[in-house]
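What follows is each chain in one-letter form.
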Amino acid sequence: MTAIVSIKGLRKAYASGMEALKGVDLDIEEGEILALLGPNGAGKTTLISTICGITMPTSGSITVGGHDTLKGYRGARQLIGLVPQEISLEPFETVWSSVSFSRGLFGKRRDDAKIEAILRQLSLWDKRDAKTMELSGGMKRRVLIAKALSHEPRVLFLDEPTAGVDVELRKDMWETVAQLKADGVTIILTTHYIEEAEAIADRVGVISGGRLLLVEEKAALMQRMGRKTLSIELTEPLEEIPDSLGLYDLEFGPDKTSLLYTYDRNAERTGIARLIGDLTEAGIVLSDIATSQSSLEEIFVGLVKEDGA
Amino acid sequence: MNAGAIWAIYRFEMARFFRTMTQSFISPVISTSLYFVIFGTAIGSRIEEVDGLSYGAFIVPGLIMLSVIQQAISNGSFGIYFPKFIGTIYELLSAPVNFLEIVAGYVGAAATKALFIGLVILGTAAFFVDLSIAHPVAMIAFLLLTCLSFSLLGFIIGIWAGNFEQLQIVPLLIVTPLVFLGGAFYSLSMLPPIWQTITLFNPVVYLISGFRWAFFDQADLPILLSLFAITGFTAGCLGFVWWIFRTGWRLRD
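Residue numbers (the numbering used here), protein chains in the order written: chain X, 1 to 309; chain S, 1001 to 1253.
If you're looking for bench data, these hints aren't it; they were derived computationally from the structure.
There may be inaccurate statements among the hints.
Okay, derived cross-link-like pairs now, DSS-like style, lysine-lysine, Cα gap no bigger than 27 Å in a straight line [as the list claims (entries may be wrong)]:
1. S:1084 to X:108
2. X:108 to X:140
3. S:1084 to X:71
4. X:140 to S:1084
5. X:71 to X:22
6. X:140 to X:181
7. X:8 to X:218
8. S:1084 to X:127
9. X:218 to X:305
10. X:131 to S:1084
11. X:140 to X:127
12. X:181 to X:8
13. X:305 to X:22
14. X:114 to X:171
15. X:228 to X:218
The model shown is predicted, which means the values in this text are computed figures rather than measured ones.
Go ahead and model the full structure; you've got the sequences and the hints to work with.
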């Protein structure tokens, strides 16, 4: 795998003095889906805007497909499609002319068949002659995606693609992303829905306070950071946890008919065997046990908290 | 060069113009007709000839300039301000285009619209007064340069403006007075000597004088000076736009 986007020492301070990016280094590999997670104001949008040429970097360098985004901006931008966070469309233009305009703007030869294919893929074909202001919010977002795809980019940036979008459309969007990945398009999406990153990303980057805290394979991240929870179902509810089990830091599940034990799956000793022995000794009868892995959300919250501390 | 982008922007902008074709066409026709009814016939009939011309004919070049300048500025400024206002500017800023291509698309479209309005007014004027154009090529050249340079000025205003009020304020407070005081409705020789000197600081004077020369072969100022002034003004605006895109002023953070 080669890096299609390479960012080195990227800093961005706004005129107000606000430092939105405090030195970001990141290589994005060709064909991957990278999810950038971070709370509001973390610098996600600034990072994307700087790569795409909307914001000027204060220092550092970015290359896209080997083209420097400042010196070789034509080559770099040719490869990039951007779907912005805010829905902004010319209200009186039709879907067709709006998407065709985007293709022209990127210097691509007119290709009605290509535009048709994109509109069909995004279920916009029936709406091609509608003015964009007549469309629903979800449809408008699809038009933005169609515009970004109109010039056949190699790298697609989706800035919060599913913010304020209903569940059905979100699933559609994920399918579209999967389809694009299959076509070989590199996709970078920002989101603060962890489940989104969990569902579609290959790698996850976490941004907070203008810094990239980590970038890792999603699976590896979840495994490395993963805490597991053992839930122990009891035959009878307990009044309180016996003192003899104090060192396990147990918590009650719902209705006090279960106990929850959190452990690090990578630790040398998980303490599970000993716990079960001690439970039996305390005269507690188990009816069932189950384990579950912590979600990306918990990992993420933990990381951001750590960073703030 | 990304010629496709220029064409895409130009067509997109012209589409807006064609959508509002009726009002684009009717409003200059009506306002010009009113000017001729009032200044040409009602008041003009009581005014002696100016520089050997009937007053109605004398004001034609100034009237065309007045509308063309206003139209060029408003089209030029709105064309770039609107994407800024609704947020679609992101696409322009992230597209593989340089400043000349953006300017060619937007300013080209704004100038085309202004030129169209100028020709409509010329046609309307021909209904009211006998017109003969002494230097047709120079007339068209002046008209074109005026359309271009003031569309450029409008483009700068559109980038500078932070709200709709600011978009209106420069044309309203600066440009319209300059045009009215630029000899659109009178000859400089009609002014007291001190005002004749002060007037020379008004750039529009050179335009209207040159344009009138193209029509009637007579002018307040040497034609070359007029040509020099309009070319210099265009170059100045273009230089400023180049600086805007180089620094990202009011466009890129």
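*asked:* Name the hints, by number, that the structure is in violation of.
replied: none
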